[in-house]
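Q: Here the protein sequences line up with chains A and B, keeping their order.
With the first letter of the first sequence counted as 1, position 55 gets the number 54 in numbering that gives the first Met the number 0; the numbers rise by one all the way through.
With the first letter of the second sequence counted as 1, position 209 gets the number 208 in numbering that gives the first Met the number 0; the numbers rise by one all the way through.
Hints should not be assumed to be uniformly reliable.
Simulated coverage check for chain B against chain A, where a stretch passes if three residues somewhere in it have a Cβ under 8 Å from a Cβ of chain A [claimed, not checked]:
id, stretch
1, 23-31
2, 135-143
3, 164-177
Hints are computed from structural coordinates only; laboratory data are not their basis.
Think of the CB as a built atom: it goes at the ideal place given N, C-alpha and C, for glycine as much as any other residue.
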Amino acid sequence: MIDKIASSVADALRGVRDGATVLIGGFGTAGIPLELIEGLIDQGARDLTVVNNNAGNGDTGLAALLQAGRVRKIICSFPRQADSQVFDALYRQGRIELELVPQGNLAERLRAAGAGIGAFYTPTGFGTELALNPDGSPKETRVINGRGHVLEYPIHGDVALIQAERGDRWGNLTYRQAARNFGPVMATAARCTVATVHEVVELGQLDPEAIVTPGIHVSHVVPVPRRATTAGGFKAAA
Amino acid sequence: MTPTYQPRSKDELARRVAADIHDGAYVNLGIGMPTRVANHIPPGREVILQSENGILGMGPAPAPGQEDYDLINAGKQPVTLLPGGAFFHHADSFAMMRGGHLDICVLGAFQVSATGDLANWSTGEPGAIPAVGGAMDLAIGAKQTWVMMDLLSKSGQSKVVAQCTYPLTGLACVKRIYTDLATLECSPQGLRLIDAVEGLGREALQDLIGLPLLD
């Protein structure tokens, strides 16, 4: 019998190794798998490469993981925010590596990883500083139909940590509103995907027409209580 | 001579941009000043707003106390969903943007060149922490990219330039520049004047920009 429902966050994260690339979902206040990030802090893996849209807010969640010195490199589109002080300090001290990626390239590089695509050409970033490799050498370019394109490679994850809304024991997932964001594409891009859900349902209870992430992309489903988030600088409504 | 013209207020500028958005348009409004355009869509026009974090059919901010923190815009502020609206994941959202499916995107800018190069993501200051978000995808992806900004910087320099000195967001991607003093069109040959505020003549505008306006 297939049963992907994990008994605890710790159980679901047991396999995360030192040096792993960890894809972490969420955008602003929506879809941040906070319980899994806290679980990763407890779990102890070090020397991580983290892929997220941002680089942590305030002093909880991803910011706490950075503060704990566990992240070697972050790949993101928008690190600088009003409350990204933890990342800012580490970056200025040279204690964390940053790969800045246009947000659409981030999403598409993850999609490419999940779809088995070796690399792709995109006009995004052509002629800009972000058409350079981290060592300053130019990325490969090509003119296609008269337009400059940059060659971009996939981002594969060892593990993806995402937040969904409902899930079943086969790992099928639905999401809630804009909390969907990076979840479905990260789920396809990692060898092991761990999803928190607010509700576990019986097989057949999720409308098959409405399942967003089919269970093949999910390794562990961890039920967690709904909780108001204050990430991104916004307080929950009373 | 003392100028006799009045710059457009932020709302007047937003209204000027909104006046050019056609009925049925799919539009992405960038963070900051462009967000204001949503409040000025002329009555009778149905315009569908996209948000990069996976929303089509985005509605206005909710009433106080009705915020749902799973339903936010690209600026991470609470929004609503109109009847008919849809959610989708990030790769689909950026495919929508990069694949040329949006009719118009409206962005802020530090500088725009006469031929439509855009600089709006970094001032290139040494030691500054860079952040790009969806700016480069939006700039090159929409059928038309419009910029909305003040014509002059705080120090009085024209932000419409021959060549951008700030780091580029995209090459030759801006079609129109809506400013507090004038509306301009970028082309491979240079700038064309669409309109200027009352009392600001063509010569005076050319002097402010420091670049010729094509006939």
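Q: Need the list of violated hint numbers for this structure, in ascending order.
A: Those not satisfied come down to hint 1.
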